[in-house]
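Given only the sequences and the hints, what does the whole structure look like? Please build it.
Numbering (numbering that gives the first Met the number 0), first residue to last: 0 to 269.
The set of hints was computed from the structure by calculation and includes no laboratory data. Backbone N, C-alpha and C fix where the C-beta goes; we use that ideal spot for every residue, glycine too. Careful, some of the hints might be misleading.
What the hints assert, rightly or not - Here are the in silico distance ranges between beta carbons for each label pair:
| no. | residue 1 | residue 2 | range |
| --- | --- | --- | --- |
| 1 | W229 | D15 | 24 to 30 Å |
| 2 | F6 | G187 | 14 to 20 Å |
| 3 | Q194 | K163 | 29 to 35 Å |
| 4 | G259 | A192 | 21 to 27 Å |
| 5 | R253 | W180 | 37 to 43 Å |
| 6 | A192 | H268 | 39 to 45 Å |
| 7 | S185 | V228 | 29 to 35 Å |
| 8 | L162 | G259 | 41 to 47 Å |
To be verified - Capping the alpha-carbon separation at 30 Å, the derived lysine-lysine pairs in BS3-like fashion look like this:
| no. | residue 1 | residue 2 |
| --- | --- | --- |
| 9 | K176 | K204 |
| 10 | K168 | K204 |
| 11 | K204 | K163 |
| 12 | K42 | K176 |
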Amino acid sequence: MDADELFRRYAAGERDFCLAELSDTDLSGANLSQVDFSGANLKKATFSRAILSRATLAGASMELTDLCEADLRRADLSGAEMIGAYLIAANLSLADLIGTNLRGANLSLSDLIGADLIGAELSRANLSLADLRGADMSGANLCEANLSSTHLYEADLREANLLKANLQKALYNEQTKFPEWFEPASAGALLIAPQVCLAGIDLSKANLPGVNLREANLSGTNLSQADLVWADLRGANLTGANLHGANLSQTNLRGANLSGAIMPDGSIHD
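Listed below in structure tokens is the structure:
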């Protein structure tokens, strides 16, 4: 099957393409929502910017497949072979990735909010800057994975293998669940919670809408271009902090100490 045949049959209302042979096929930008590619051979295919929301890709062969910026919301990728796949900036929110093999895959900047990654193989995967809020990664293999600057609020990592994983500047909150033996702070992860000390930390461009950092020590912290919409910073110590370009819309700064802080417009607070 080639791309033209696929598009023609899809346009005619067909959705069942189980076991299809589409390796090396260029399907970039295609709208294939709710398609069924179960068990299909999609190795090295190109789906960049394609719409695959609610698609079924269970058990598909997708080694080295290009899914950069693809829309995979609520897609079923359970048990798929995605070794070395490219998923940069892909939207995988609420996707089913149970038991999916993503060894060495690039998921940097991807949206994995609420995704189900139970038992997934993610060793040596690049998840830097990914949004994993509420994701279930219990029992996943994250050995040597790059989780730097990820958002792990409410994520479940119980029984996950985090041996040699990079969690530098990963953000987590009090609802994040880690393995009992794991010390996130020792791995470089940062707790976002009331009264924490984040003095001098580089949080530039951090995605922090609605966070509770009440009475936190943020003196000298770099928050330039950070998103702090609706954040609670009441009573926080922001002396000398860099807020240049930060979004402080609806941010609660009541009682915060802003002495010497660089404000969003570049001015220095008295």
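### Task
Could you work out which earlier hints the structure fails to respect and list their numbers in ascending sequence?
Per hint list: 1, 2, 6, 12 violated.
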